[in-house]
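Quick note, the sequences are listed as chains Y and A, same order.
Heads up: the first sequence begins at 1 in this note's numbering, then just goes up one per residue.
Heads up: the second sequence begins at 1 in this note's numbering, then just goes up one per residue.
Hints in this document: simulated from the structure, not taken from any laboratory.
The structure displayed is predicted, hence computed values, not measured ones.
Among these hints, one or two may not hold up.
To be verified - Cβ pair distances, simulated, as ranges:
1) E70(Y) to T40(A): 48 to 58 Å
2) T135(A) to E70(Y): 36 to 46 Å
3) A28(A) to A57(Y): 40 to 50 Å
4) F367(Y) to P145(A): 54 to 64 Å
As the list claims (entries may be wrong) - Derived, one-sided and incomplete: chain Y residues facing chain A with beta-carbon distance under 10 Å:
5) W509
6) V511
7) P514
All C-beta atoms in this analysis are idealised placements derived from N, C-alpha and C, irrespective of residue type, glycine included.
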Amino acid sequence: MSAVTPDQLHDDHHHHGPTGLMRWITTTNHKDIGTMYLIFSFIMFLSGGVMALTIRAELFQPGMQVVQPEFFNQLTTMHGLVMVFGAIMPAFVGFANWMLPLMIGASDMAFARMNNWSFWLLPVAAILLIGSFFVPGGATAAGWTLYAPLSVQMGMGMDLTIFAVHIMGISSIMGAINIVVTILNMRAPGMTMMKMPLFCWTWLITAYLLIAVMPVLAGAVTMILTDRHFGTAFFNAAGGGDPVLYQHVFWFFGHPEVYIMILPAFGIVSQIIPTFARKPLFGYASMVYATASIAILSFVVWAHHMFTTGMPAATQLFFMYATMLIAVPTGVKVFNWVATMWRGSMTFETPMLWATGFIFVFTMGGFTGLICAIAPIDIQVQDTYYVVAHFHYVLVAGSLFALFAGAYYWLPKWTGHMYSETIGKLHFWCSIIFFNITFFPMHFLGLAGMPRRIPDYALQFADFNALASIGAFGFGLSQLIFIVAVVKCVRGGKKAPASPWEGAEGLEWTVPSPAPHHTFETPPVVK
Amino acid sequence: MSSRADDNRRLLLRLGVAALAMFGFGYAMVPFYEAICQVTGLRNILQPDVVENTQVDPTRQLTIELDANTHDLAWRFRPTQNTIDVHPGQMVEITYEVTNTRNVPVTGQAVPSYGPQIAGDYFKKLNCFCFEKQTLAAGETRIMPVLFVVDPKLPGDVNTITLSYTFFEVAGTQARQADEGGRG
């Protein structure tokens with residue numbers, strides 16, 4: 001493992017190295033790697049989106065029209081896996097790579113070569129995952145949670161998925177270790193922990209979560225693999241195992257994973273709102289403690305995903321109250337964002353629109369989460385479209401909207417050009433309107449009892465499903481606007497100054513735009 | 001500055017060990033889960049139930065339907081009678097007959113299930129062949145008893161209970177693989 005220290009970087013002359021494709025394959029520069037992460041995650045976002053639209057096309061009207069039920073099951077499974085492990089998580093790692101060193105005044109990530117490795121494992125995993133569609137029996141159709149006993153019985157697509165999860169897990173763990181070491185050891189002189197931008201704090205805590213739970217997921221899928229091929233019986237009832245055990249192991253990973261996907265989003269929004277409200281973040285310290293509380297609580301709530309597995313009432317009550325407790329630190333965060341806006345001199349450029357939209361729609365997802373936390377209600381809505389609505393409100397309107405907010409916020413720093421406000425705003429308004437058209441009716445569908453992951457439905461669900469499908473295609477097409485915005489911004493546009501935002505603070509705005517290949521080779525001094 | 005590289009490497013090592021430990025923790029959840037289940041009495045289908053009240057309710061009659069299945073196991077398994085009428089609180093013995101049709105000794109474990117599911121909570125077994133593994137010699141036939149009481153607190157809308165047993169081969173995979181050629 002090679003640690004790149006600033007000494008070594010001095011010997012590394014600008015753009016002296018391989019060119020063309022080899023430059024990207026061999027690069028150890030955090031900005032190059034960040035860019036590759038972002039492009040990769042966007043490609044995966046589009047492929048996961050195509051799967052989602054195929055699902056919505058099938059659900060446009062009752063009966064079977066577009067796909068076979070078996071393939072439908074593969075689509076719901078792969079849509080989840082691709083979006084979680086291929087799109088959202090790598091996108092946040094991309095932001096971390098690009099922005100963390102710039103924010104803390106480091107010249108690069110702590111382990112630049114390991115960084116290259118963590119990225120290049122991802123395309124391999126993606127090929128295994130997407131390629132599993134083309135093996136006999138097709139991709140795994142056990143749901144993204146890969147529940148036993150279905151996952152123990154699937155065809156070889158399941159094995160490819162298991163290996164893909166292993167590889168993505170290794171990539172995430174390496175990325176997380178890199179981030180922890182960078183934040184703890186590479187800060188510029190004077191950059192104390194409590195002076196760090198909140199995005200660094202949320203990523204530090206997320207990285208610890210990743211190190212703690214990705215290995216547990218790796219363990220869970222390894223148990224499935226050995227159950228499938230090596231005669232063990234962890235989850236195989238016929239051999240004395242228990243499928244419910246899988247759910248415990250999986251959700252011990254799965255619930256912290258939810259926060260892995262949202263905490264960096266909190267960080268991005270906490271950077272953007274003070275900038276456009278032209279006020280410092282309200283309650284910085286409480287934000288840090290709230291983030292840490294959410295992370296710690298995430299380890300003791302996993303069984304709220306399993307209220308219907310026949311737990312004793314006392315256990316249900318524990319997990320129910322522990323889950324509701326998480327609303328407290330989350331509420332602190334939302335309060336602080338709103339308090340930051342309070343009496344600020346706000347302007348609504350595209351990043352601020354996305355961040356404000358995030359608060360509005362994410363909070364709705366938070367409330368439905370609270371409703372799902374109540375055990376007796378959860379037993380009613382378990383595995384219905386209500387749950388689908390809930391987690392898309394927090395994952396799309398939460399994580400994805402924050403990613404877009406961050407992308408528009410830092411695009412001038414990345415490309416050196418201002419993006420087009422008109423296109424950015426169009427992207428936002430189309431997205432938020434179509435998002436709600438897609439997912440809001442799903443609450444009603446779920447409450448009326450429509451089960452998730454089923455390719456056909458009873459006639460009374462037809463109207464809301466048609467509406468949701470129209471919204472989904474609108475939302476999908478709206479994302480093409482983002483491509484236009486980014487391509488236009490990369491090609492040209494108004495020259496961006498070092499600090500394009502009037503109210504922006506932080507070290508990343510002290511370097512020129514676009515950020516030069518090497519920055520902070522001499523650490524800045526933070527007063 | 002090289003001290004920073006050393007610091008970084010030390011932290012990398014520590015975090016790497018933490019990740020490995022968490023991989024182990026995933027596996028540690030398996031015995032932990034089994035211990036919890038044992039302590040709290042969840043999943044304890046292998047123990048006799050305790051029956052406090054044996055007051056027979058002669059005004060109510062229930063039909064018990066008996067069912068037998070095997071899962072990937074070459075045993076002939078059937079109840080000696082298909083249905084039996086009982087009163088709640090009445091102690092009843094029924095028997096099942098099982099034959100090992102293979103030419104090697106095989107060990108199996110029966111797992112009961114109930115229809116409707118809620119009846120399981122009121123179906124108290126005092127003795128059952130399902131409490132332990134059964135090893136049958138090649139070609140052996142065995143008559144096995146189940147002694148049970150249906151709790152009189154059984155909800156009034158349940159008039160028929162289906163008791164269904166499924167025999168699984170214990171540690172089956174290896175034995176099955178060894179035998180696979182013979183069975184095609």
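The hints, checked one at a time:
Hint check: E70(Y) to T40(A), Cβ distance near 39 Å, so the stated range 48 to 58 Å is violated. T135(A) and E70(Y) have their C-beta atoms about 40 Å apart, which keeps the hinted 36 to 46 Å range intact. Range check, A28(A) to A57(Y): about 45 Å between beta-carbon atoms, so the 40 to 50 Å window is met. Distance hint check: the CB atoms of F367(Y) and P145(A) are about 56 Å apart, consistent with the given range 54 to 64 Å.
For W509(Y), the shortest C-beta to C-beta distance to chain A is roughly 26 Å, which exceeds 10 Å, and the interface hint is violated. A least Cβ separation of about 21 Å between V511(Y) and chain A goes past the 10 Å threshold, and the interface hint is therefore violated. Taken as an interface hint, P514(Y) does not check out: its beta carbon lies about 28 Å from the nearest beta carbon of chain A, beyond 10 Å.
Consistency note: the structure conflicts with the earlier hints numbered 1, 5, 6 and 7.
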